[in-house]
Amino acid sequence: MPTLTVNGRKVTVDADASLLEACRKAGADVPTLCNFDGLEPWGGCRMCVVDMSLASWDDDWFKMVTSCNHPVEEGMTVVTDSERVLATRRVVLDLLLARCPDTPLIQQLAREHGIEATSYERNPEPTDCILCGLCTRVCDHIGISAISSVGRGWGREIAPPFNEPPPDCVGCLACAEICPTGHITFTTSSLSRTIWGKDFEMLRDEKTGEAVITRAQAEHFAKRSGVPASYFEKSDRSKRRELAKTFEKLQVLK
Amino acid sequence: MRIESFDQFAAFQAEATVRDESRSRKILVCCGTGCLANGAKAVAEAFAHEIAERGLDTELKLGVTSTGCHGFCERGPLVVIQPEAILYTKVKPRRVPDIVEKTVIGGEVINGLLYKDPSSKQRIETYDEIPFYANQVRVAMRNIGRIDPTDLMDAVAHGAYAGLAKALSGMSPDEVLDEVEVSGQRGRGGAGFSTARKWRSCKAAAGDRRFVLCNGDEGDPGAFKDRSIMEGDPHSVLEGMAIGAYALGAHEGFIYVRDEYPLAVVNLQLAIAEARKAGLLGENIMGSGFDFDVKISRGGGAFVCGESSALMRSIAGKTGEPRAKYVHSTAKGLFDLPTVLNNVETWAGIGAIIANGGAWFASMGTEKSKGTKAFSLVGKVKNTGLIELPMGTSLRHIIYDIGGGILKDRPFKAVQTGGPSGGCVPEELLDLPVDYEKLTEAGSMMGSGGMIVMDDRTCMVDVARYFLAFLTEESCGKCVPCREGLKQMLAIYDALVEGRGREGDIEKIETLAACMQLGSLCELGKSAPNPVLSTLKYFRSEYQAHIEAKACPAGICRALTAFEITEDCDGCHACTKVCPTDAISGEKKKLHVIDHDACISCGACLDICPTESIRTLPKVELAQREVV
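Read top to bottom, the protein sequences are chains C and P.
Sequential numbering from 1 applies to the first sequence in the numbering used here.
Sequential numbering from 1 applies to the second sequence in the numbering used here.
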């Protein structure tokens with residue numbers, strides 16, 4: 001287990017931990033926008049940059065790296081708030097604020113870094129999408145890949161194929177729920193759900209009448225897990241009730 | 001025939017040499033992309049037709065060879081008559097019967113088709129006497145223009161696969177690695193990482209399966225060296241990769257080539273098929289027991305796919321986006337397996353290094369940059385084209401001796417090296433010896449060897465803006481500093497060239513540049529500010545003029561520049577004919593006048609004026625005159 005020095009404080013972490021985990025364990029405040037614990041680090045937002053020096057390097061030689069995807073090493077020295085790290089984060093936030101001037105999350109983070117208004121040209125068509133890629137990555141992660149980033153550079157955006165209702169989408173809402181700015185919108189009721197322009201039928205629990213998940217999602221889960229699709233048609237409340245009944249029977253037997 | 005032993009390869013070499021030498025004369029027609037565009041195919045066909053008609057193919061054993069790019073694209077289509085190496089430039093099909101009659105049969109040189117040296121005004125007869133060629137030393141491009149790239153035997157007659165045979169028959173993989181180390185060769189793709197070190201680090205990585213890749217995704221504006229190598233001598237690339245694979249214990253290779261290079265794709269495919277058939281690729285190469293095969297992966301034309309990790313993702317069928325390279329691709333590259341990726345020119349040099357020895361290669365160049373380097377010399381020079389020179393050659397030598405100086409003998413202003421990631425080197429650094437370190441020190445870089453020469457009619461703000469616009473289009477958009485930073489920087493430059501520049505813009509550019517250099521994910525973003533910072537370093541006053549005086553000192557930025565005709569005008573009417581808005585009026589042989597309201601500041605009049613009597617002035621001065 002390697003031991004690192006973060007902002008002067010010693011911290012020991014697992015060998016496969018990321019630098020970001022080490023920093024947080026040491027109590028350092030390292031902001032992130034595109035990082036999510038359950039997903040592979042991506043390194044796109046550049047908010048988590050830190051200054052890092054390996055044990056074998058000269059003492060005053062530091063390299064700026066993204067901590068989310070940088071491996072840890074014995075004897076590493078890390079500084080999370082050096083002048084250039086803070087300056088880089090500030091410019092990144094300033095740029096994001098120009099892109100998303102009306103987005104509360106970005107406004108708040110910018111304010112925390114001393115930016116009230118962007119220094120750059122304000123986006124004439126403000127958006128809430130910061131292109132953090134969390135939605136597409138979570139969609140990939142659960143094995144669906146219904147949406148992806150399209151275009152490049154400034155024209156990059158998140159979209160379903162050909163901007164049509166995505167054939168592979170199962171309406172699980174993972175993309176919308178992971179979105180840090182609430183950019184991905186949907187409507188859902190006990191009967192139906194719509195996301196990315198695609199309509200879904202909701203499965204309703206036979207006994208309680210509650211909407212559970214979409215039929216497409218139940219089928220996807222059944223296919224991936226081998227558990228029969230009927231299992232996913234029950235609401236959590238139903239499942240608990242059934243379980244309770246099983247326990248009742250067990251007591252009777254005793 | 002499949003070559004199954006080293007003896008058989010030696011016999012094949014001998015046969016190829018005999019065939020080559022049996023031809024009393026050879027006619028080499030350049031069929032590189034530049035010459036093809038100028039009608040070289042018709043010229044080659046005309047030669048073939050003429051020779052067949054006269055029965056010279058059997059009588060004189062005459063051969064017509066369609067070769068790859070000779071480099072001297074400015075003067076194409078080019079025809080070389082061997083053995084004298086007489087070079088004819090700008091050859092039209094209708095001159096072919098004449099050439100066959102007089103030169104091929106009669107041995108007489110046709111003066112009108114020879115190259116005319118712009119400085120001495122002399123006609124020059126042979127290839128080797130022309131300054132453009134005489135000053136070159138060719139390693140990676142050793143056979144381009146000499147061989148028919150679609151004929152394996154022709155390539156072998158000129159030394160192809162000799163290095164591979166030497167490595168497989170008499171050297172251990174480690175000895176090959178040592179030889180490459182002795183050569184001191186560094187990556188020709190731009191970053192200049194030591195080839196041997198890269199190979200060793202891949203070899204040290206755990207695992208049995210590893211890959212060798214060739215980066216043929218050359219996409220810098222104005223660069224075409226890799227294209228010419230793949231088109232003109234694809235076997236040199238295959239041979240280099242096979243040698244590298246042998247040293248590393250790899251058996252699979254990919255060549256990633258842009259689909260916009262159709263001739264390169266075709267010639268590589270042909271070369272791979274021929275080499276496989278001959279047993280120079282595939283299983284049990286030359287009976288050595290070593291297996292290696294190559295596949296072609298065609299890129300869709302995204303500039304960022306030239307970046308190593310994006311390239312590997314693209315080969316694997318994913319979006320071409322870079323990833324963090326804290327774990328090097330030599331350990332975890334294509335399909336997460338150890339991978340060596342080298343540039344086309346790097347691979348093309350390997351065969352020669354093994355055949356001639358590393359010490360031979362290391363004897364050329366400078367202390368830290370060994371060997372030779374290919375450059376695409378373009379822009380405002382007299383002789384544009386493709387050149388290869390020992391490292392350490394001065395910029396002045398390249399531009400004035402090989403390039404023949406600036407077009408119309410105008411003053412030199414700067415040379416942009418290294419493509420969009422490089423920078424502009426000003427006149428005071430013309431004696432800079434070109435190698436990796438010196439260019440980096442000057443704020444530019446070697447890059448892919450593009451050299452764009454600029455004269456005094458170049459606005460450095462506009463140049464930086466051009467590269468920014470290119471990169472803004474080509475940024476993948478994954479990371480914030482590159483995606484948003486480039487866009488905002490371009491917006492500032494748009495304001496500068498349109499006269500909307502404000503106090504503090506330069507500082508804003510510098511802040512953005514620092515964030516991009518430090519904070520971007522890949523080298524595209526990290527190096528994107530280079531054209532900006534190098535022009536700011538050497539031409540800051542031009543920026544200030546744009547902001548403070550709302551003037552473009554070079555007279556290029558249209559929104560800031562007006563044109564007027566001076567007393568020297570002899571009324572020749574040349575300008576009135578080219579003016580797209582009919583803004584110039586005046587009687588013949590009398591002073592002409594420009595109507596400033598109709599003028600769109602395109603500069604066509606200035607470019608055509610034979611008496612240099614058109615000058616530029618800042619538009620603001622016009623406004624001041626009106627006030628007076």
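Worth flagging that the hints you see were computed from the coordinates, not collected in a lab.
Quick reminder that beta carbons are idealized off the backbone N, C-alpha and C, glycines included.
Please note: incorrect hints may appear among the correct ones.
Simulated restraints on C-beta separations [claimed, not checked]:
# : chain 1 : residue 1 : chain 2 : residue 2 : range
1 : P       : Y326      : C       : G143      : 41 to 47 Å
2 : P       : P580      : C       : C129      : 29 to 35 Å
3 : P       : D259      : C       : G143      : 52 to 58 Å
4 : C       : E157      : P       : D259      : 52 to 58 Å
5 : P       : R197      : C       : S230      : 57 to 63 Å
6 : C       : G114      : P       : A549      : 31 to 37 Å
7 : C       : W61       : P       : E548      : 35 to 41 Å
8 : P       : R197      : C       : P101      : 32 to 38 Å
9 : P       : Y326      : C       : D236      : 37 to 43 Å
Practice prompt. Quick one: which hint numbers does this structure break? Sort them smallest to largest.
Written response: Per hint list: 1, 2, 3, 4 and 8 violated.
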